[in-house]
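**Q** Read off the chains here:
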Amino acid sequence: MATNLNLPALAKDMLSAAKPILENYWKEVKPYVEKESKNFLQNLAMIAKLKIQDKISKEEALLHIQIQRNSFRTVLMAVEGLGILMVENVLNAAIGAIRKAVNTAIGWTLL
Amino acid sequence: MLYFHPESNTYPYMFIPALTKRRLILLAALFTLFAACKVTLLSSYDETTDKVLSEMQQSTTAFFVKYEVTPSAPELKYGNQSAFYQGLITSSRTLRIRNNAIEKNKPMINMLDLLDDNIRLMDSLHRGKPDGLLAPHDVRLLKSAFETQYTAMFKFIMALKSRAGIK
Numbered sequence: 001m002a003t004n005l006n007l008p009a010l011a012k013d014m015l016s017a018a019k020p021i022l023e024n025y026w027k028e029v030k031p032y033v034e035k036e037s038k039n040f041l042q043n044l045a046m047i048a049k050l051k052i053q054d055k056i057s058k059e060e061a062l063l064h065i066q067i068q069r070n071s072f073r074t075v076l077m078a079v080e081g082l083g084i085l086m087v088e089n090v091l092n093a094a095i096g097a098i099r100k101a102v103n104t105a106i107g108w109t110l111l
Numbered sequence: 112m113l114y115f116h117p118e119s120n121t122y123p124y125m126f127i128p129a130l131t132k133r134r135l136i137l138l139a140a141l142f143t144l145f146a147a148c149k150v151t152l153l154s155s156y157d158e159t160t161d162k163v164l165s166e167m168q169q170s171t172t173a174f175f176v177k178y179e180v181t182p183s184a185p186e187l188k189y190g191n192q193s194a195f196y197q198g199l200i201t202s203s204r205t206l207r208i209r210n211n212a213i214e215k216n217k218p219m220i221n222m223l224d225l226l227d228d229n230i231r232l233m234d235s236l237h238r239g240k241p242d243g244l245l246a247p248h249d250v251r252l253l254k255s256a257f258e259t260q261y262t263a264m265f266k267f268i269m270a271l272k273s274r275a276g277i278k
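Chain order of the listed sequences is A and B. Residue 34 in the numbering used here is what sits at position 34 of the first sequence, and the numbering runs on without skipping anything. Residue 185 in the numbering used here is what sits at position 74 of the second sequence, and the numbering runs on without skipping anything.
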């Protein structure tokens, strides 16, 4: 079985299949995280300003901060979830890239 | 040797040499691992979650729009908004129970917990207002937080939907 399989070529195929998925993921996620991080910081600055100007109480400021934190944490959770989906895609693309070669080499459908 | 020996009253697997047995187990494990040919690390798309979350988002957006258009309308006072808060909390907890029953669903469960917490915090903020009304700066901050939160959740749901091949 192993003699029929060109392992370096298969590894190269797997990496070639994974690369565009990783690049697309980063291309989509980076601007999103940057935008939301900026938004989070702007909102925190606004809360601080409102507190300094006595437009909100300390309790209200703390509630607002907690709300903004939860909101930003949701962004991070979504990014984590999208990351898991990206890993899943990479694994499936990598398996897909070597499927034919492996199945042909062993003579029956393993992958 | 895989044939049966009736005279010795033994089962065929006992005649498989140890090394072959190990190879067979390894082969079976590999087969099980790749049999489905598809790795699944997260739960599949759930239409009910998508639908209920969309309704919650619409309700929240309508609430903020009313505040932007008529900031001091008596109907927006905390005492007149109990149906809004109760509706959101009921939907959020219903979704939480549903999603808890779905396997490989941790990101969505965590996001629903954060949404539920934010609804509760907004309720506290609103309840604490002496005149029962949120100020424009409160609305601005709350609107931003909830929009961000719903957008993040929908991004994830859309990715699950796209994975399922649903447009």
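Everything labelled a hint here was simulated from the structure, so no lab data went into it. The structure presented is a predicted model; accordingly, all values stated were derived computationally and were not measured. Note that CB positions come from ideal geometry on N, CA and C, so glycine has one too. It cannot be assumed that every hint is accurate.
Unchecked claim - Under the rule of at most 30 angstroms between Cα atoms (straight-line distance), these lysine-lysine pairs were calculated in the BS3-like manner:
(1) B:K162 with A:K19
(2) B:K254 with A:K38
(3) A:K58 with B:K266
(4) B:K215 with A:K30
(5) A:K38 with A:K27
(6) A:K30 with B:K254
(7) B:K149 with A:K100
(8) B:K149 with A:K27
(9) A:K30 with A:K19
(10) B:K149 with B:K188
(11) B:K266 with B:K215
(12) A:K58 with A:K38
(13) B:K162 with A:K27
Stated by the list, open to error - Which chain A residues stay away from chain B? Per the calculated CB distances, all over 12 angstroms, these:
(14) N6
(15) L7
(16) P8
(17) A9
(18) A11
(19) L22
(20) W26
(21) K27
(22) E28
(23) L76
(24) L91
(25) R99
**Q** Verify that the Cβ of A11 of chain A lies farther than 12 angstroms from every Cβ atom of chain B, and report whether the claim holds or is violated.
**A** holds (17 angstroms)
**Q** Does A9 of chain A sit more than 12 angstroms from chain B, CB to CB?
**A** It holds; A9 of chain A is separated from chain B by about 19 angstroms at its closest Cβ, greater than 12 angstroms.
**Q** According to the definition I'm using, a residue is off the interface if its beta carbon is farther than 12 angstroms from all beta carbons of the partner; does N6 of chain A meet that for chain B?
**A** holds (19 angstroms)
**Q** For the pair we were handed, K266 of chain B and K215 of chain B, check the Cα-Cα distance against 30 angstroms.
**A** Distance of about 18 angstroms is within 30 angstroms: holds.
**Q** Taking C-beta pairs only, is L76 of chain A more than 12 angstroms away from all of chain B?
**A** violated (8 angstroms)
**Q** With the threshold set at 30 angstroms, check whether the alpha-carbon distance from K149 of chain B to K27 of chain A stays at or below it.
**A** holds (25 angstroms)
**Q** Below or equal to 30 angstroms on CA atoms is what counts here, so check K254 of chain B against K38 of chain A.
**A** holds (16 angstroms)
**Q** If we take the beta carbon of P8 of chain A, is the closest beta carbon in chain B still more than 12 angstroms away?
**A** holds (21 angstroms)
**Q** Regarding the pair K30 of chain A and K254 of chain B, is the alpha-carbon distance no greater than 30 angstroms?
**A** OK: K30 of chain A and K254 of chain B at ~23 angstroms, within 30 angstroms.
**Q** Over 12 angstroms from every CB of chain B: does L91 of chain A meet that, or does the non-interface label fail?
**A** Since the minimum Cβ distance to chain B is about 4 angstroms, L91 of chain A lies within 12 angstroms and the statement is violated.
**Q** Looking at L22 of chain A again, its CB stays over 12 angstroms from all of chain B?
**A** holds (15 angstroms)
**Q** The output says L7 of chain A does not contact chain B. Does that hold with a beta carbon cutoff of 12 angstroms?
**A** At about 16 angstroms from chain B, L7 of chain A clears the 12 angstroms cut-off, so the statement holds.
The structure fails to meet hints 1, 3, 10, 22, 23, 24 and 25 from the earlier list, while all remaining hints are met.
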